[in-house]
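> Could you build all of it, start to finish, from the sequences and the hints given here?
Numbering (UniProt numbering), first residue to last: 1 to 141.
Keep in mind that a hint or two might mislead.
Quick list of simulated restraints, FRET-style, between CB atoms [as the list claims (entries may be wrong)]: (1) 48 with 3: 19 to 29 Å; (2) 126 with 9: 14 to 24 Å; (3) 3 with 52: 43 to 53 Å.
For the record, the hints were derived by calculation from the structure and aren't laboratory data. Owing to the predicted nature of the structure, the values given are computational and were not obtained by experimental measurement. Positions of the beta carbon are idealized from the N, C-alpha and C atoms, including for glycine.
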Amino acid sequence: MWSLKGHQPEILTYGGRKRQYLIGAVEPLTGRVHVAFSEVMKAKQFEHFLEGLLARYKNAGKILLILDNARAHHSKELEPFLKVNEEKLELMFLPPYSPDMNPMESFWKFSRKKVTHNTFFGTFKEFQHAMIKFIIKFKLS
1 MWSLKGHQPE
11 ILTYGGRKRQ
21 YLIGAVEPLT
31 GRVHVAFSEV
41 MKAKQFEHFL
51 EGLLARYKNA
61 GKILLILDNA
71 RAHHSKELEP
81 FLKVNEEKLE
91 LMFLPPYSPD
101 MNPMESFWKF
111 SRKKVTHNTF
121 FGTFKEFQHA
131 MIKFIIKFKL
141 S
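So, in structure tokens, the structure goes:
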């Protein structure tokens with residue numbers, strides 16, 4: 001954003017403190033992105049996302065999921081689920097503080113640039129709809 005020298009630009013905001021968590025995975029060979037929306041990011045929501053991946057790729061071999069070190073990814077609550085699915089799913093963790101090694105981070109950066117930069121959303125719902133629309137469009141391209 002630019003402005004005349006000496007003039008502070010005014011940035012509009014809807015003023016809320018709501019959050020939207022996005023849980024995502026990218027297939028390295030195809031670039032296909034899988035995204036789930038959640039109002040909280042806890043082990044249960046991550047487990048639900050993993051269930052969706054397993055259902056989507058039920059006929060594939062074992063899934064190797066490379067993850068950052070988000071707290072939900074390391075939760076002890078996941079242990080029973082991971083034990084039951086150890087033949088179908090393996091989790092591998094990136095080194096701490098290495099977003100440059102995580103392809104999903106590139107997608108998040110790209111989506112923020114395309115959806116939120118220099119854009120005012122009057123409500124949180126408008127933001128959510130814009131993000132959903134972008135992800136659907138991205139999946140179809």
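> Each of the hints needs a verdict: does it hold here or not?
Do the hints match the structure? See the list:
For residue 48 and residue 3, the hinted distance range of 19 to 29 Å is not satisfied, since their beta carbons lie about 44 Å from each other. Hint check: residue 126 to residue 9, Cβ distance near 21 Å, so the stated range 14 to 24 Å holds. At roughly 44 Å, the beta carbons of residue 3 and residue 52 sit within the given window of 43 to 53 Å.
Violated hints amount to a single one, hint 1; each of the other numbered hints is respected by the structure.
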